[in-house]
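**Student:** Could you put the whole structure together from the sequences, leaning on the hints where they help?
So the sequence lines, in the order shown, correspond to chains A and B. The numbering used here applies: residue 14 is where the first sequence begins, and numbers increase by one. The numbering used here applies: residue 3 is where the second sequence begins, and numbers increase by one.
If you're looking for bench data, these hints aren't it; they were derived computationally from the structure. Note that the coordinates shown come from a computational prediction; the quantities given were computed from them, not determined experimentally. The beta-carbon is built from N, C-alpha and C at its ideal position, and this holds for glycine as well. A portion of the hints provided could be inaccurate.
What the hints assert, rightly or not - Partial pick of chain B residues on the chain A-facing surface, computed with a CB cut under 8 Å: (1) Leu6; (2) His7; (3) Glu12; (4) Tyr16; (5) Gln42; (6) Phe47; (7) Arg52; (8) Pro56; (9) Ala57; (10) Asn61; (11) Leu65; (12) Gln69.
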Amino acid sequence: MNDINENNKADHILVDRVLSGDTNAFSFIISNTERLVTQIIFKMIANNEDKKDIAQDIYLKTFHKLESFKFQSKLSTWVAQIAYNTCLNYLEKKKLVLLSNFHADNETDNELLYNPKIESEYYDAESVFFKNELAQILKIETDKLPPLYKTLVTLYHNEELSYAEIAQITELPEGTLKSYLFRARKTLRDNLLKNYKKEEL
Amino acid sequence: MTNLHPDENEIQNYILDSTRNLELIEHLLQCKSCSLKAEQYKQLFAEIHRQETPAFEFNLTKLVMEQLPQPKPKFSVDKYLNHIIVSLIVMLCLGLLYFLSLLLPNILLNVTPILIYLIITVVVCISGAIFLDMYRKHQEQMGVINFY
Numbered sequence: 014m015n016d017i018n019e020n021n022k023a024d025h026i027l028v029d030r031v032l033s034g035d036t037n038a039f040s041f042i043i044s045n046t047e048r049l050v051t052q053i054i055f056k057m058i059a060n061n062e063d064k065k066d067i068a069q070d071i072y073l074k075t076f077h078k079l080e081s082f083k084f085q086s087k088l089s090t091w092v093a094q095i096a097y098n099t100c101l102n103y104l105e106k107k108k109l110v111l112l113s114n115f116h117a118d119n120e121t122d123n124e125l126l127y128n129p130k131i132e133s134e135y136y137d138a139e140s141v142f143f144k145n146e147l148a149q150i151l152k153i154e155t156d157k158l159p160p161l162y163k164t165l166v167t168l169y170h171n172e173e174l175s176y177a178e179i180a181q182i183t184e185l186p187e188g189t190l191k192s193y194l195f196r197a198r199k200t201l202r203d204n205l206l207k208n209y210k211k212e213e214l
Numbered sequence: 003m004t005n006l007h008p009d010e011n012e013i014q015n016y017i018l019d020s021t022r023n024l025e026l027i028e029h030l031l032q033c034k035s036c037s038l039k040a041e042q043y044k045q046l047f048a049e050i051h052r053q054e055t056p057a058f059e060f061n062l063t064k065l066v067m068e069q070l071p072q073p074k075p076k077f078s079v080d081k082y083l084n085h086i087i088v089s090l091i092v093m094l095c096l097g098l099l100y101f102l103s104l105l106l107p108n109i110l111l112n113v114t115p116i117l118i119y120l121i122i123t124v125v126v127c128i129s130g131a132i133f134l135d136m137y138r139k140h141q142e143q144m145g146v147i148n149f150y
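**Tutor:** And the structure:
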């Protein structure tokens, strides 16, 4: 509770200082939120050149919209929301899909998993599932996920945000968010098992 | 043992949430396939958590700050009001000192050592209290803006 109050106080001080003309105070806002914003950009945008432009665009938007921040959430959550929406607009402009037909494809995979014979084959992968190269393969498999899934997994597992905060950032209902997260984790696990198995064969 | 296998959602939640579902724990203790799934999820989550945080190769703060409008010097009534008040106080003090300097020899001749001692004690006490209060407030404010 104290942390929340302290955060809120710090947010108030920083916003007030920027709004009263102390532009340098904005550098504190950037350094406080850079990690979160970078995570969102890297998970949603594939093109490296565009990542740079989008990062600048996000903070310039934040600076110009700062007056409209009403302290109804943490400042970092608000900045993350701007980051998410900016990336979303970019994907829409480039006609790239946030979630694609991933569900449909994945349902087929999930159905297969319920076949006890196949399921037992996956379990044979136990001996190779958690080896040193897991980190590398996990990165490859994570990159294959749709941008939305990647972002949700990162915000929950790496940034340790609550469901409520993620819901605020992505403007998704909490139920949908939990369902997407479940599917993303399951897909990761299933793909890891499948690919390990393939490598073995 | 519960014969029904828990669904994967329950297994994921069991790994993520510390709240204990006794029925599920009992099942996991006896069902090899479910306990294996739980273990795989546990390690998967740990590995995701360990994943490297991406970072830009350029200094984002510097890049953004260069594009922000520089603060314009603003006319501040408060600032000028403060200057006027301080100047007024200084002038009054100088006037007071002028009159005191005329009377000072007589005053000093009539002041007893005990009175001087009392005056010094009071001044030191008040200054000390003000200093401590200012120091406490300064520490509090530094604590609030310490982001590192």
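**Student:** Would the stated hint for B:Asn61 survive a check requiring a Cβ distance to chain A of less than 8 Å?
**Tutor:** The hint is violated - B:Asn61 has no Cβ within 8 Å of chain A, the shortest such distance being about 10 Å.
**Student:** Hold the hint about B:Arg52 up to the distance rule: shortest CB distance to chain A must be less than 8 Å.
**Tutor:** holds (7 Å)
**Student:** Under 8 Å is the threshold here; is the Cβ of B:Tyr16 close enough to any Cβ of chain A for the hint to stand?
**Tutor:** violated (13 Å)
**Student:** Taking 8 Å as the limit, does the beta-carbon of B:Glu12 come near enough to a beta-carbon in chain A?
**Tutor:** violated (10 Å)
**Student:** Grab the minimum C-beta distance from B:Ala57 to chain A and call the hint holds if it beats 8 Å, violated otherwise.
**Tutor:** With Cβ-Cβ at 6 Å, under 8 Å, it holds.
**Student:** Going by Cβ atoms only, is B:Pro56 closer than 8 Å to chain A?
**Tutor:** holds (4 Å)
**Student:** Tell me if the interface restraint on B:Leu6 is satisfied: Cβ within less than 8 Å of some Cβ in chain A.
**Tutor:** Check failed: Cβ of B:Leu6 comes no nearer than 14 Å to chain A, outside 8 Å.
**Student:** Can B:Leu65 be said to touch chain A, with a Cβ gap under 8 Å?
**Tutor:** Holds, about 6 Å.
**Student:** Using 8 Å as the Cβ threshold, decide whether B:Gln69 counts as touching chain A.
**Tutor:** Hint holds; B:Gln69 Cβ to chain A Cβ min 6 Å, cut 8 Å.
**Student:** Can you verify the interface hint for B:Gln42: is its Cβ closer than 8 Å to any Cβ in chain A?
**Tutor:** At about 6 Å, which falls below the 8 Å cut-off, the nearest Cβ of chain A leaves the hint on B:Gln42 intact, so it holds.
**Student:** Are B:Phe47 and chain A close enough, Cβ to Cβ, to be under 8 Å, as the hint says?
**Tutor:** holds (6 Å)
**Student:** At a threshold of 8 Å, is the proposed contact between B:His7 and chain A supported by beta-carbon distances?
**Tutor:** At 11 Å from the nearest chain A Cβ, B:His7 fails the 8 Å test, so the hint is violated.
Consistency with the previously given hints fails for numbers 1, 2, 3, 4 and 10, ordered from lowest to highest.
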